[in-house]
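Trainee: Residues per chain, in single letters:
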Amino acid sequence: MARRYDTRATIFSPEGRLYQVEYALEAISHSGASLGILAENGVVLAGEKRNVSPLLDDVKYSEKIYKIHDDLCCSVSGITSDANVLINELRMIGQRYLLTYQEPAPIEYIVSRLCNIKQAYTQFGGKRPFGVSFLYMGWDKHYGYQLYQSDPSGNFGGWKATCVGHNSQTAISILKQEYKIGETQLNDALRLAIRVFSKTLDTTKLTPEKIEIAVLQHDDKTNHTTIRMLKDEELTTLIKQYEEEQSKLEADRQKQQQTTEKDKK
Amino acid sequence: MVESIIGIRGKDFVLLAQDANTTKYGILNMKFDTNRLFKLSEHCAMLAAGEPGDVVQFAEYVGKNIQLYKMINGIELSPYACANFTRHEMATSLRSRNSFLANVIVGGFSTNERDQERAQLYSIDYLGAMISANVVAHGFCQFFALAIGDRLWKEDL
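Respectively, the protein sequence lines represent chains A and B.
Quick note: the first sequence uses UniProt numbering, first residue 1, plus one each step.
Quick note: the second sequence uses UniProt numbering, first residue 1, plus one each step.
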């Protein structure tokens with residue numbers, strides 16, 4: 001039934017759906033996850049890497065996280081080649097604004113402009129939509145730290161914490177329970193990111209090769225934003241902290257069980 | 001050239017002043033209540049002088065585009081951004097079919113607390129050159145206003 005309405009992206013189905021957009025979202029749900037968490041003093045973006053072959057030439061190559069301009073960084077989930085085109089466009093949008101207004105573009109402006117382009121591919125032209133969802137983290141002087149998500153339909157929204165890609169629903173339900181609005185500092189956000197990833201990644205053990213984490217912070221005094229990729233040592237430390245917490249919880253739980261069994265006897 | 005527009009910047013204000021005469025053929029005064037002030041946004045305005053048609057055309061074009069920005073993006077442009085946008089438009093139109101013979105002064109007070117200098121004043125001439133200063137002026141009054149400003153302007157006006 002749906003088959004007759006698939007071939008061109010730019011038409012509605014009888015039920016009022018845009019199948020190509022939905023199929024794009026489906027493609028993204030199979031790709032590596034991207035996770036974003038807003039903190040009081042910064043923003044965290046984390047990505048699940050899929051290309052972990054030891055044969056890969058790894059200079060300073062980032063698979064998931066890209067810098068758009070000095071105050072904006074994004075994480076990619078979906079078809080990498082589609083993402084590259086859109087990242088190029090994001091960078092140009094940022095620079096065109098800078099050329100005209102001589103000050104950095106507001107984050108929402110850049111996201112909104114890109115989403116208008118993405119929307120065009122769902123309405124006319126006969127080309128398929130881009131199979132990418134982005135998570136954007138940035139700082140601007142209007143609204144401070146911000147986290148946005150955009151998808152192939154051209155929709156975007158601002159978030160306190162969110163996830164796209166593989167197992168994103170699980171991740172979002174964990175975030176809903178554990179994210180504390182108004183009380184999350186950057187190190188809380190980092191710990192939360194590791195916790196979520198250890199539950200949603202397919203592997204039994206989390207290692208630094210499988211994830212990428214970037215942190216954005218703005219210094220009000222110097223009016224300078226730093227975007228920093230966490231080094232392998234820092235990731236190892238975070239993962240070890242998480243594992244120690246987990247084993248401590250497990251030990252406490254076992255002790256509890258033993259005492260209740262003793263009480264029963 | 002006989003139209004006077006002056007801008008003065010203080011610590012927490014910007015003052016924009018203009019004369020109100022429209023003269024023709026060097027001797028005829030047609031109007032005593034000319035308006036040269038164009039509102040760009042709630043906290044920013046522009047004085048424009050020069051070729052009468054160009055003045056209104058350019059000023060209204062810039063003003064409406066700045067209003068459009070506010071409608072689309074929900075935030076107000078700082079006077080610094082307004083001035084740079086104005087300069088950009090002036091400079092691009094200069095080397096095209098339609099250039100504007102208008103000298104403008106853009107001044108305002110930024111609503112964003114993060115801006116270092118909140119009172120902002122810029123002068124842009126018809127060739128697209130922009131400067132920021134404490135006292136700016138266009139027209140013959142320049143010779144007087146800038147000299148007086150050099151002598152008498154002080155930080156805590």
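Check the hints yourself; a few may be wrong.
To be verified - Here are a few chain A residues that sit away from chain B, every Cβ distance over 12 Å (derived from the structure):
(1) Arg50
(2) His166
(3) Glu243
Said to hold, decoys possible - Label-pair distances were calculated between CB atoms; the ranges are:
(4) B:Glu51 - A:Gly16: 54 to 64 Å
(5) A:Lys67 - B:Arg114: 18 to 28 Å
(6) B:Glu42 - A:Gln185: 27 to 37 Å
(7) B:Leu127 - A:Thr100: 48 to 58 Å
(8) B:Glu42 - A:Glu103: 17 to 27 Å
(9) B:Glu113 - A:Glu183: 20 to 30 Å
(10) B:Lys11 - A:Tyr143: 44 to 54 Å
(11) A:Asn88 - B:Arg97: 52 to 62 Å
(12) A:Thr259 - B:Glu113: 51 to 61 Å
(13) A:Thr237 - B:Asp12: 18 to 28 Å
(14) A:Glu183 - B:Phe13: 20 to 30 Å
(15) B:Asp12 - A:Glu103: 44 to 54 Å
(16) A:Gly16 - B:Lys11: 53 to 63 Å
Said to hold, decoys possible - Heads up, simulated DSS-like pairs for lysine-lysine below, C-alpha to C-alpha not over 30 Å straight-line:
(17) A:Lys199 - A:Lys210
(18) A:Lys199 - A:Lys255
(19) B:Lys64 - B:Lys11
(20) A:Lys199 - A:Lys49
(21) A:Lys210 - A:Lys160
(22) A:Lys141 - B:Lys24
(23) A:Lys141 - B:Lys70
(24) A:Lys221 - B:Lys24
(25) A:Lys67 - A:Lys240
(26) A:Lys141 - B:Lys11
(27) A:Lys248 - A:Lys176
(28) A:Lys199 - A:Lys67
(29) A:Lys231 - A:Lys180
(30) B:Lys31 - A:Lys141
(31) A:Lys248 - A:Lys205
(32) A:Lys255 - A:Lys49
(33) A:Lys141 - A:Lys180
(34) A:Lys141 - A:Lys67
(35) A:Lys240 - A:Lys205
(36) A:Lys180 - A:Lys240
(37) B:Lys70 - A:Lys67
(38) A:Lys180 - A:Lys255
(39) B:Lys11 - A:Lys160
(40) B:Lys64 - A:Lys221
Keep in mind that the hints were calculated from the coordinates and are not lab data.
C-beta: ideal position from N, C-alpha, C; glycine also.
Trainee: Does the structure keep lysine 255 (chain A) and lysine 49 (chain A) at a Cα separation of 30 Å or less?
Mentor: violated, 37 Å
Trainee: Does the structure keep lysine 248 (chain A) and lysine 176 (chain A) at a Cα separation of 30 Å or less?
Mentor: Between lysine 248 (chain A) and lysine 176 (chain A) the Cα gap is close to 24 Å, so the pair holds against 30 Å.
Trainee: Given the hinted pair lysine 180 (chain A) and lysine 255 (chain A), is their Cα-Cα distance within 30 Å?
Mentor: holds, 29 Å
Trainee: For lysine 67 (chain A) and arginine 114 (chain B), compare the CB-CB distance with the range 18 to 28 Å and indicate the outcome.
Mentor: Since lysine 67 (chain A) and arginine 114 (chain B) have Cβ atoms about 22 Å apart, the given range 18 to 28 Å holds.
Trainee: Holds or violated: 52 to 62 Å for the Cβ distance of asparagine 88 (chain A) and arginine 97 (chain B)?
Mentor: violated, 32 Å
Trainee: Is it correct that the beta-carbon of glutamate 243 (chain A) has no partner in chain B closer than or equal to 12 Å?
Mentor: holds, 41 Å
Trainee: So arginine 50 (chain A) supposedly isn't at the interface. Is its beta-carbon more than 12 Å from every beta-carbon in chain B?
Mentor: holds, 36 Å
Trainee: Can you let me know if the beta-carbon spacing of glutamate 42 (chain B) and glutamate 103 (chain A) is within 17 to 27 Å?
Mentor: Distance hint for glutamate 42 (chain B), glutamate 103 (chain A) holds at roughly 18 Å.
Trainee: Is 44 to 54 Å right for how far apart the beta carbons of aspartate 12 (chain B) and glutamate 103 (chain A) are?
Mentor: violated, 21 Å
Trainee: Does the Cβ-Cβ separation between glycine 16 (chain A) and lysine 11 (chain B) fall within 53 to 63 Å?
Mentor: holds, 59 Å
Trainee: Are the Cα atoms of lysine 199 (chain A) and lysine 49 (chain A) separated by 30 Å or less?
Mentor: holds, 15 Å
Trainee: Hinted pair, alpha-carbon criterion (30 Å max): lysine 199 (chain A), lysine 67 (chain A). Please report holds or violated.
Mentor: holds, 27 Å
Of the hints listed earlier, those the structure fails to meet are numbers 7, 10, 11, 13, 14, 15, 22, 24, 30, 32, 39, 40, in rising order.
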